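From just these sequences and the hints, can you work out the full model?
2 protein chains.
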Amino acid sequence: MKVVSYRHQGKPGVGVVTGDKGVIALSKVAPALPNDLRQILQIDPGLEKVRSAAAGKTADLSLADIAFDPVIREPHATWALALNYTLHVEETGLTTSPVYPQIFLRMPISQVGHKEPLWAPRKDVAEAYDYEGELALIIGKPGRYIKRKDAFAHIAGYSCYNEGSVREYQGHNRQFGLGKNFERSGSFGPWLMTPDEFGDPANHTLITRLNGVERQHAKISGLMHDVSRLIEYLSEGYTLQPGDVIVTGSPGALPLRAGEQPEKPVGKVIVAGQLHMRPGDVCEVEVDGLGVLSNPVIEDPTPR
Amino acid sequence: MKVVSYRHQGKPGVGVVTGDKGVIALSKVAPALPNDLRQILQIDPGLEKVRSAAAGKTADLSLADIAFDPVIREPHATWALALNYTLHVEETGLTTSPVYPQIFLRMPISQVGHKEPLWAPRKDVAEAYDYEGELALIIGKPGRYIKRKDAFAHIAGYSCYNEGSVREYQGHNRQFGLGKNFERSGSFGPWLMTPDEFGDPANHTLITRLNGVERQHAKISGLMHDVSRLIEYLSEGYTLQPGDVIVTGSPGALPLRAGEQPEKPVGKVIVAGQLHMRPGDVCEVEVDGLGVLSNPVIEDPTPR
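Heads up: the sequence lines are chains B and L, in that order.
Each residue of the first sequence is one higher than the last, beginning at 1 in our numbering.
Each residue of the second sequence is one higher than the last, beginning at 1 in our numbering.
Put simply, identical chains are the same to the list, so a pair is met inside one copy or across any two.
With a Cα cut of at most 30 Å, we get these calculated DSSO-like pairs of lysine-lysine:
no., residue 1, residue 2
1, K49, K11
2, K141, K123
3, K28, K57
4, K2, K149
5, K147, K2
6, K149, K123
Since the hints were derived computationally from the structure, they do not count as laboratory data.
Please read all numbers here as calculations on a predicted model, not as lab measurements.
Written out as structure tokens, the structure is:
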């Protein structure tokens with residue numbers, strides 16, 4: 001099952017995507033459910049109510065009619081992983097713990113939904129605005145001290161994430177802070193796919209394309225700290241909340257093609273194949289079998 | 001004016017604290033306002049509606065009757081500062097940028113209100129659970145690209161913060177991540193004090209006491225990146241949101257008293273005067289003229 005957070009005629013809604021690119025609006029088939037996916041997961045962590053409400057129903061809307069919101073509009077917490085694929089560790093020359101994941105937080109205003117414009121910083125603020133294609137998972141059932149073998153029971157579903165990063169700010173000091181949190185710098189979508197349909201994350205492939213050209217292509221089996229380990233680790237510290245998001249990390253970059261020029265280096269970390277996102281670009285993050293998260297890039301329109 | 005977020009008979013409310021330790025319940029004097037301070041700030045960023053609703057009214061409740069919630073129950077973002085007092089930089093032997101603040105995020109579940117128990121991790125999880133007394137500010141009027149001279153117009157008020165940290169987890173990898181985000185490891189209160197009453201933050205003093213003994217005592221004028229600089233910096237990246245919280249950093253530790261034993265070192269960073277918080281302790285963070293945030297410490301009761 002694919003579950004989408006959207007706005008239609010200005011109103012927020014949650015729906016189930018049908019095979020023919022339709023959307024069954026939960027406001028029609030389950031009017032008692034909240035119109036927000038995080039709130040739905042608080043009362044329906046396994047999405048069984050959503051599934052049974054949509055069973056046998058036909059679409060009310062088309063995917064072409066809706067504006068996509070981030071899968072979870074305002075998560076209680078969005079955890080993101082640094083350096084969680086071996087290739088990415090090697091290409092950056094950085095070191096990270098093989099035992100403990102390296103994690104930081106993103107705030108809600110830093111993300112948009114599928115097809116919504118990403119904001120590249122104004123040139124007089126920063127220029128090194130980079131894509132990071134990643135697999136995200138969304139927590140359903142809350143839990144603490146979760147063992148790896150039990151971790152999958154806490155996952156409501158999976159999605160694609162573009163963990164857009166502003167390198168100048170990321171490198172300002174030791175903690176990433178603002179560099180991972182620029183307004184509308186990342187995207188999350190297009191929908192949540194439930195585990196029964198998605199299967200084992202390790203069997204999937206992650207692909208990032210900039211203007212149609214592949215720039216990242218990696219098997220998700222290459223995660224150093226896999227999905228079950230991330231849930232185990234975070235649940236040592238707090239009770240994972242319904243709608244919490246874990247963004248599992250970005251793989252390495254593919255080499256530039258013949259004739260392509262590398263970007264001007266920013267700071268000490270140089271990844272030869274990494275290109276910046278610029279106004280006019282389109283960036284896609286695909287997880288095979290799940291879908292494609294696609295976003296145009298515009299210059300941050302906020303007046304200075 | 002002092003504004004408090006509370007629960008009374010199980011119901012959430014927001015109130016104005018009177019001189020005789022009473023609380024004017026906004027649900028009585030301004031029933032049209034939301035019962036959540038973040039939502040109030042979204043429509044009343046300067047708290048003028050709150051002020052005029054409470055003017056001339058008498059208290060409905062006593063401070064003794066209420067349970068204190070964190071001043072903002074679920075902030076969109078809680079930014080915290082690492083190494084923002086010179087003395088703390090020197091005592092840790094760490095380096096930080098003199099130009100750019102070092103910032104990270106805390107999530108809502110990591111904080112409690114005044115008088116609520118802080119949770120020390122179980123001993124089989126971690127032992128180095130430390131207080132960090134800090135001044136917090138709460139954003140009222142949203143803004144982007146805010147100049148330092150205009151920064152104070154965006155502050156709805158100030159409060160105390162205990163930025164409780166679990167050092168083993170903080171040191172697991174390069175980003176602080178989970179170590180700054182254990183469940184109920186920090187506290188935020190007792191109330192918001194508006195800028196007209198608080199005045200210039202630099203004229204105040206921060207004091208942290210563990211079991212009644214002073215462990216931190218610092219003039220807030222010692223901030224390396226002051227309140228206006230923090231607002232300027234963060235607003236380069238995003239539109240500051242009503243109810244966003246900036247926790248300005250912890251000063252150094254006072255020396256241990258004669259006969260006191262330092263803690264067993266955890267990791268490479270050793271601060272001689274820093275003691276851990278343990279079940280049975282009471283930790284207080286005071287900002288002079290604002291109030292005292294006091295919390296008992298218990299062992300995390302979540303079954304493992």
